[in-house]
Amino acid sequence: MISISSSAIDPEALRARLIDPAAGAYCSFEGWVRNRNEGEDVVRLEYEVYEPLAISEGRKLLAEAGVRFPHLHAHCVHRAGLLEIGDCAVWVGVTSPHRDEAFQACRYIIDALKIRLPIWKKEYYVSGDSGWVNCERCSAHAHSVA
Amino acid sequence: MKEITVRYFAMFRENAGLSVETLQSDAVTAADVFKATVSRHGSTEPLGHCKVAINDVMASWDSPISDGDVVLLFPPVAGG
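So the protein lines, in turn, are chains A and B. Under the working numbering, the first sequence is numbered contiguously, ending at residue 254. Under the working numbering, the second sequence is numbered contiguously, ending at residue 252.
Worth flagging that the hints you see were computed from the coordinates, not collected in a lab. There could be a bad hint or two in this list.
Pairs of lysine to aspartate or glutamate, EDC-like flavour, derived with a Cα cap of 16 Å [as the list claims (entries may be wrong)]:
1. 230/A <-> 186/B
2. 168/A <-> 234/B
3. 207/B <-> 234/B
4. 230/A <-> 154/A
5. 230/A <-> 149/A
6. 174/B <-> 198/B
Using the sequences provided together with the hints, build the complete structure.
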């Protein structure tokens, strides 16, 4: 399941939804808003999300993860709107019978999510400037996970 | 000529100064729509870093454009 949220992410509540007696491993990833990027002091971020396609692409991505990693249960939430330093911007949680698959699936989902979903990040700097993040590293990484 | 609707997001919207426009177009493929947009509104983003959707379905740049299509132009994404 994937969702877009305009309010704070609650990792503990999300984790509780994945509890499953068949799961021997749980792995999660939280992406946090940090205060520095590319040499600039960042004060806040704004995420723009085209929700209809973010949801449909996210569902496809999770289905693909389920094929790669059988017995996987996965859930992810991405924030939209204005976020402050330290806020959780994205959460991915997975369960599987064994830890190897849980680690790998969690990594697979966050990496694919960053390069496939129609989500854009605008940074606001201490200097008063702002700018859209052009995720060159994500573009480069796209070639290695595609 | 076809009548198409083009939607812009993030930096494309800011560059164009609008989020949506309807135009008469002779575009054959989605890439033609992108190129026409670059010449009309200006953009330095290479096509290979961008994505396109047609009628709310992700598409490739060689996808054909039909009369009445809604073409969504996505600048480089940066989720997470």
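Going down the list of hints, with the structure as the test:
1. The straight-line distance between the Cα atoms of residue 230/A and residue 186/B is roughly 12 Å, inside the 16 Å bound, and the hint therefore holds.
2. Taken as a hint, the residue 168/A and residue 234/B pair is broken in the structure, with Cα atoms around 22 Å apart against an allowance of 16 Å.
3. For the hint pairing residue 207/B with residue 234/B, the CA-to-CA distance comes to about 12 Å; that is within 16 Å, so the pair holds.
4. Under the criterion of a C-alpha separation no larger than 16 Å, the hint pairing residue 230/A with residue 154/A is consistent with the structure, at around 5 Å.
5. Restraint check for residue 230/A and residue 149/A: satisfied, since their Cα atoms lie roughly 13 Å apart, inside the 16 Å limit.
6. Under the criterion of a C-alpha separation no larger than 16 Å, the hint pairing residue 174/B with residue 198/B is consistent with the structure, at around 6 Å.
In terms of the numbered hints stated before, the structure departs from hint 2 and from no other.
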